[in-house]
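S.K.: These are the residues of each chain, in order.
6 protein chains.
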Amino acid sequence: MPISKRYLHNFIQNLFMPSKVEEFNTYRAQMNEKILAQNNLTLNRFWNLDMHAYKEGALNTRTKEMLGLVSSMVLRCDDCIKYHLGKCHELGISTEEIFEVFAIANLVGGSIVVPHTRRATEYWEALNMETK
Amino acid sequence: MPISKRYLHNFIQNLFMPSKVEEFNTYRAQMNEKILAQNNLTLNRFWNLDMHAYKEGALNTRTKEMLGLVSSMVLRCDDCIKYHLGKCHELGISTEEIFEVFAIANLVGGSIVVPHTRRATEYWEALNMETK
Amino acid sequence: MPISKRYLHNFIQNLFMPSKVEEFNTYRAQMNEKILAQNNLTLNRFWNLDMHAYKEGALNTRTKEMLGLVSSMVLRCDDCIKYHLGKCHELGISTEEIFEVFAIANLVGGSIVVPHTRRATEYWEALNMETK
Amino acid sequence: MPISKRYLHNFIQNLFMPSKVEEFNTYRAQMNEKILAQNNLTLNRFWNLDMHAYKEGALNTRTKEMLGLVSSMVLRCDDCIKYHLGKCHELGISTEEIFEVFAIANLVGGSIVVPHTRRATEYWEALNMETK
Amino acid sequence: MPISKRYLHNFIQNLFMPSKVEEFNTYRAQMNEKILAQNNLTLNRFWNLDMHAYKEGALNTRTKEMLGLVSSMVLRCDDCIKYHLGKCHELGISTEEIFEVFAIANLVGGSIVVPHTRRATEYWEALNMETK
Amino acid sequence: MPISKRYLHNFIQNLFMPSKVEEFNTYRAQMNEKILAQNNLTLNRFWNLDMHAYKEGALNTRTKEMLGLVSSMVLRCDDCIKYHLGKCHELGISTEEIFEVFAIANLVGGSIVVPHTRRATEYWEALNMETK
Chain D
1 MPISKRYLHN FIQNLFMPSK VEEFNTYRAQ MNEKILAQNN LTLNRFWNLD
51 MHAYKEGALN TRTKEMLGLV SSMVLRCDDC IKYHLGKCHE LGISTEEIFE
101 VFAIANLVGG SIVVPHTRRA TEYWEALNME TK
Chain C
1 MPISKRYLHN FIQNLFMPSK VEEFNTYRAQ MNEKILAQNN LTLNRFWNLD
51 MHAYKEGALN TRTKEMLGLV SSMVLRCDDC IKYHLGKCHE LGISTEEIFE
101 VFAIANLVGG SIVVPHTRRA TEYWEALNME TK
Chain G
1 MPISKRYLHN FIQNLFMPSK VEEFNTYRAQ MNEKILAQNN LTLNRFWNLD
51 MHAYKEGALN TRTKEMLGLV SSMVLRCDDC IKYHLGKCHE LGISTEEIFE
101 VFAIANLVGG SIVVPHTRRA TEYWEALNME TK
Chain L
1 MPISKRYLHN FIQNLFMPSK VEEFNTYRAQ MNEKILAQNN LTLNRFWNLD
51 MHAYKEGALN TRTKEMLGLV SSMVLRCDDC IKYHLGKCHE LGISTEEIFE
101 VFAIANLVGG SIVVPHTRRA TEYWEALNME TK
Chain X
1 MPISKRYLHN FIQNLFMPSK VEEFNTYRAQ MNEKILAQNN LTLNRFWNLD
51 MHAYKEGALN TRTKEMLGLV SSMVLRCDDC IKYHLGKCHE LGISTEEIFE
101 VFAIANLVGG SIVVPHTRRA TEYWEALNME TK
Chain S
1 MPISKRYLHN FIQNLFMPSK VEEFNTYRAQ MNEKILAQNN LTLNRFWNLD
51 MHAYKEGALN TRTKEMLGLV SSMVLRCDDC IKYHLGKCHE LGISTEEIFE
101 VFAIANLVGG SIVVPHTRRA TEYWEALNME TK
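Heads up: the sequence lines are chains D, C, G, L, X and S, in that order. Per the working numbering, the very first residue in the first sequence carries number 1; after that it's consecutive. Per the working numbering, the very first residue in the second sequence carries number 1; after that it's consecutive. Per the working numbering, the very first residue in the third sequence carries number 1; after that it's consecutive. Per the working numbering, the very first residue in the fourth sequence carries number 1; after that it's consecutive. Per the working numbering, the very first residue in the fifth sequence carries number 1; after that it's consecutive. Per the working numbering, the very first residue in the sixth sequence carries number 1; after that it's consecutive.
Since the hints were made in silico from the structure, they are not lab data. Among the hints, a few may not be true.
Put simply, identical chains are the same to the list, so a pair is met inside one copy or across any two.
[As the list claims (entries may be wrong)] Quick list of in silico lysine-lysine cross-link-like pairs, DSS-like style, CA-CA up to 27 Å:
id : residue 1 : residue 2
1  : K34       : K20
2  : K20       : K87
3  : K55       : K34
4  : K55       : K87
5  : K87       : K34
Next up, chain D with everything else stripped away, as it sits in the complex (with noise of 0.2 Å):
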C-alpha cells in the first residue's frame, strides 16, 4: 500500500535528517563561508552589495523583502525563494500578505511558477512550525 511506503519513508526522513529551514540555512552558510574564502574581490564585492539592497530606505524592510521575494518566484529560484520568505518572517509579515505575493507572482510569471508556490508554501508552513 503507497500510504504506508511514504509514511516509512517519512519516518526514517524525519529521524536523521534536519529540518529544511535548518538544512537551508546550514548549506548557505557552508557554501558562503566557502566562496567568501576565495578572495574574488568582484564577488565578494557583490555579495555584500546585496546584503545591504533590503536596508531601510525611501521603502521601508518589510517592502524590500517582498520586492526581493517576487523577483525570486518570477526567475524561478528556490533558494532565492526560501531566503527572502525566511526574511519575510523574521518581519511578521503574515500568511495572508505572503499569499498576496505569491498571486501577483503566479499572474506575471504564469503557470510555470506554480511549482515553485508548492515548495513555497512547504517552506513558509515549515518557517511557521519551527517558531511555534
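Use these hints to put chains C, G, L, X and S onto chain D, whose structure you have.
M.R.: Same frame as chain D, now just chains C, G, L, X and S:
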C-alpha cells in the same frame, strides 16, 4: 566498488520510497489542497483557469497538451514537464511523438534543455512501467 | 557633425510623433480591443484576472504595483515596465522610491537589467513631464 | 490634437516604409545570407538542422509549427513568433486556432507574454491583409 | 515596387539618423548620466562593480569580454550584446573568433538566439565600417 | 542537537551513495544512451553538433569551455554547470580562473545566480577531491 554502492542505495530507495509518478502526484495534490485552502481569490481563479485552458476547442486536447509540454520544456520546469507528460500518456500519445516534441524543445531552447530531456525521458519510462 | 544630425532627427520625430506615454497607451488600448474581440474565453478571463490582482487587499495598491514593477524588470519586459511605471506614477510613488525598486531589480536580475533601467528612466521622465 | 499627429506620422510611415511582413522577411533573408557566408560550420549546421525539425514526421507540420509558435511566445522572442506565424498562415491555420495557442502561451508564461501577444496579433493581421 | 520604397526609407533614415554605433553610445551615455545623478547608492555601486569585473586578472580582458558577450547572447539582451561587441572590437578580437562565440551561444541558448545573432552581425559590421 | 542529526545523515549518505561526480556522470551516460536509442534524427544530430562545438578552432578549447560554463551559469542550469566544470577541470583551468568566471556570471545574471554558485563550488571541490 561503486556499482555495489549504487545497487544498495537503489535497493533501499525502492524499499521505502514511492514511485516517481506516485511521489509527484501525491506531493502535487497535497500542496494544491493547502494552497487552495488559503482562499486567495486571484490564485484560486488562476489555477481554475489553467485547468480549463487545455479542454477541447478549435484545437483538440492532444495538441493542447503537447503545446503545454513543449512550453514547459523550453521554460525548463521539471514539474510542469511531468504534469504534461502524465496527461500526454493518458491521451495515448506515442513515444515517437513525444520525442518529436522533445526535439523541437531542444532546438528552440538549446542545449540547456538537455538535462530536462533526460529527466523527462526517465519520467516517461516510469509512466510506461506503471501501466503495464 | 553628429550632434546636428541627432538634433534634426529628434526635431522631426517630435513634430510628427506622439509622446512616448501617449504612444504606449494608444497602441496598448488599440491592440487590447482587437484581442478581446476574438472572444477567446481563456485569454479574456486571464486578462480580467490580471487587472483585478493589483486591487487593494492585505497589501495595498502601492505595494502591489511596485511588486508588478520589480517583476517586470527582472523578467525584462519593457512594455510591462511602462505599464506599472504609469500606475506607480498615478499613485504618487516618488522618484526616490522608484529608484530603490530599480536597485533591487538590478541586483536580483543582474547587469542585463541595466538597459531596461535606462529605458525605464526615460519613460519615468516622460511621465513626469506630461503632468507638469 | 494627438490624433492628427499620429495620423500624419502613420501617413509618412506608410509612404516610405515596407509592410511589416515584407520588412521582416527582407531583413531576415539579408542577415541570414551574411551569417551563412561566414562559413562557421557549427552555426551553419545548427541552422540547417533547425529548418529540418519542422518537417512532417510522427507529428504533422501543422502541429510542429504550433509547437514552434507557443515556444517562441513563452520565451518572448518577437522575431521567432513572426516567423512561426508566417508558417502557420501558409499552412492555413485559422485565427481561432492561433488564439488558442496564444491563450496557452499566456497562461503558461504569464502576463509578461501579453505585450508579445499584442504584437503577434498585429502581425497576424498584417499576414491576413497581405493575402487578400 | 517594394525595393524603391525601402530605398527611399533607408535614404531618409541615413540622412537624419546617426549611425547605429553612435546612436547606441550616445543614448547609453546620456541615460547613464541621468541614472547616476539620482545618487541611489546601491545602483551606483553595482554599476561601478560591473565596470571593474572585466579588468585583467587571472583571466585576461579578451577572455572576459567574450564571457560577457556569450552571456548577453544566451540571455538575449541586444544592448548588452552591442556593448560587449564594442569592447571586443576595441580589443581586436577577429570576426572568426566572434562567430565562434555566436556558435556556442546559439547551441547553448537555442534557435531563439538566432534573431539576436542577426542584429549582432549587423552591429559588428557597423563597428567594422566605422573604423575603416 | 542538530549537528549530530546532520552527522548521522551524512554518514549514512556517504555509506550508500556514490560521489557527486560519479553520480552525475553515471546518470548522464545512462539517460543519454536511452535517448539516443530512440533514433530521433533531429535530437541525435543536435547532440552530436553540441559535442563538436567546443573543439579547438579560432578559439581554443579552454576559452570555449569557459564560454559554456558562464552561459550555463547565467541560464542557471546546474547539470550544464557540472558538465562544463568537469571539462574545465580536465583542461587544468585553475580555481582562481573558475572564480573569475563565477564573478562575471554573478554580475551579468544577478543574485539569482548565487545559489547555483554555491552548488558549483561544492561540485568543483568534489572534482578536486576525486583526483587527489
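S.K.: Any hints from earlier that this structure breaks? Give me their numbers in increasing order, please.
M.R.: Of the numbered hints, all hold.
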